[in-house]
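All chains should be built: construct the whole structure from the sequences, respecting the hints.
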Amino acid sequence: GDSVTQMEGPVTLSEEAFLTINCTYTATGYPSLFWYVQYPGEGLQLLLKATKADDKGSNKGFEATYRKETTSFHLEKGSVQVSDSAVYFCALSPLNAGGTSYGKLTFGQGTILTVHP
Amino acid sequence: DAGVTQSPTHLIKTRGQHVTLRCSPISGHKSVSWYQQVLGQGPQFIFQYYEKEERGRGNFPDRFSARQFPNYSSELNVNALLLGDSALYLCASSLGGRGLTEAFFGQGTRLTVV
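These protein sequences, in sequence, are chains A and B.
Residue numbering for the first sequence follows the numbering used here, beginning at 18 and increasing consecutively.
Residue numbering for the second sequence follows the numbering used here, beginning at 924 and increasing consecutively.
Read the hints as simulated data drawn from the structure, not as lab findings.
Keep in mind the model is a prediction, meaning the values are calculated, not measured.
Careful, some of the hints might be misleading.
[As the list claims (entries may be wrong)] Now the stretches of chain B that chain A is said to cover, found in silico as 3 or more residues with beta-carbon under 8 Å:
1. 962-972
2. 1026-1037
[Claimed, not checked] Pairwise CB distance ranges, derived in the manner of DEER restraints:
3. K975/B / E86/A: 37 to 43 Å
4. K936/B / K85/A: 42 to 48 Å
5. Y47/A / Q940/B: 42 to 48 Å
6. Q964/B / A70/A: 24 to 30 Å
7. T928/B / V99/A: 28 to 34 Å
8. D985/B / S20/A: 20 to 26 Å
9. R986/B / E33/A: 46 to 52 Å
10. Y47/A / V961/B: 27 to 33 Å
The C-beta atom is built at its ideal place from N, Cα and C for all residues, glycine as well.
In structure tokens:
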């Protein structure tokens, strides 16, 4: 079945540092890939997405490139801020044989990011 | 426009009881999915409904059931509650249909079983 693996353990950075959170996936066909962010006490918010190989999703300074050859979708940001502290989830959504998506998502375990001033 | 709304926001139940959680999707969205998020883990897929039909079911026991109404709102029911059912239950709505359809999440219902 489909699965998503994120890098282990929390990430702690100083403000303005470079961020990378690794994500790899296993899926049949050509899933769409997503990064969601969850701030303390809140639900999930879509951060960025990519629908096909070599697509780059970007939003709020975050970027991720859909790499089919390495089945990866690593999240990067050049200069993090304290306000970026949150839990980040990588996820995939498959399309069935008819090209239909019902919106089902398979999530990774999440990566806690803490940014210090 | 209203986003995905879930009710109640918090709930405390006793082991063995039954609970019903409710979700109203974004207007125009025909697909609703339910997820369970245990503290410190990623959300786990429970059910998916599209056009009032069940389109997917995750690896959860039969104590979990759901339905979607003609107005596309949805209920998640859990019978015979166990302590391990304590979690944040998230509802997501999407347009569904062909091509990529993004999922938008509600704030969740925090269920505590004591």
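Results of checking the hints against the structure:
Taking a C-beta to C-beta cut-off of 8 Å, the segment 962-972 of chain B contributes 7 residues in contact with chain A, enough for the three needed, and the coverage statement holds. Check result for the segment 1026-1037 of chain B against chain A: holds, 6 residues qualifying (beta carbon to beta carbon below 8 Å, three or more required). Checked against the hint of 37 to 43 Å, the C-beta distance between K975/B and E86/A comes to roughly 40 Å, which is consistent with it. At about 45 Å, the beta-carbon gap between K936/B and K85/A stays in the expected band of 42 to 48 Å.
Between Y47/A and Q940/B, the C-beta spacing of about 43 Å keeps the proposed range 42 to 48 Å intact. About 29 Å separates the C-beta atoms of Q964/B and A70/A, a value consistent with the hinted range of 24 to 30 Å. For T928/B and V99/A, the hinted distance range of 28 to 34 Å is satisfied, since their beta carbons lie about 30 Å from each other. The beta-carbon spacing between D985/B and S20/A, approximately 24 Å, falls within the hinted interval of 20 to 26 Å.
Between R986/B and E33/A, the C-beta spacing of about 49 Å keeps the proposed range 46 to 52 Å intact. Range check, Y47/A to V961/B: about 30 Å between beta-carbon atoms, so the 27 to 33 Å window is met.
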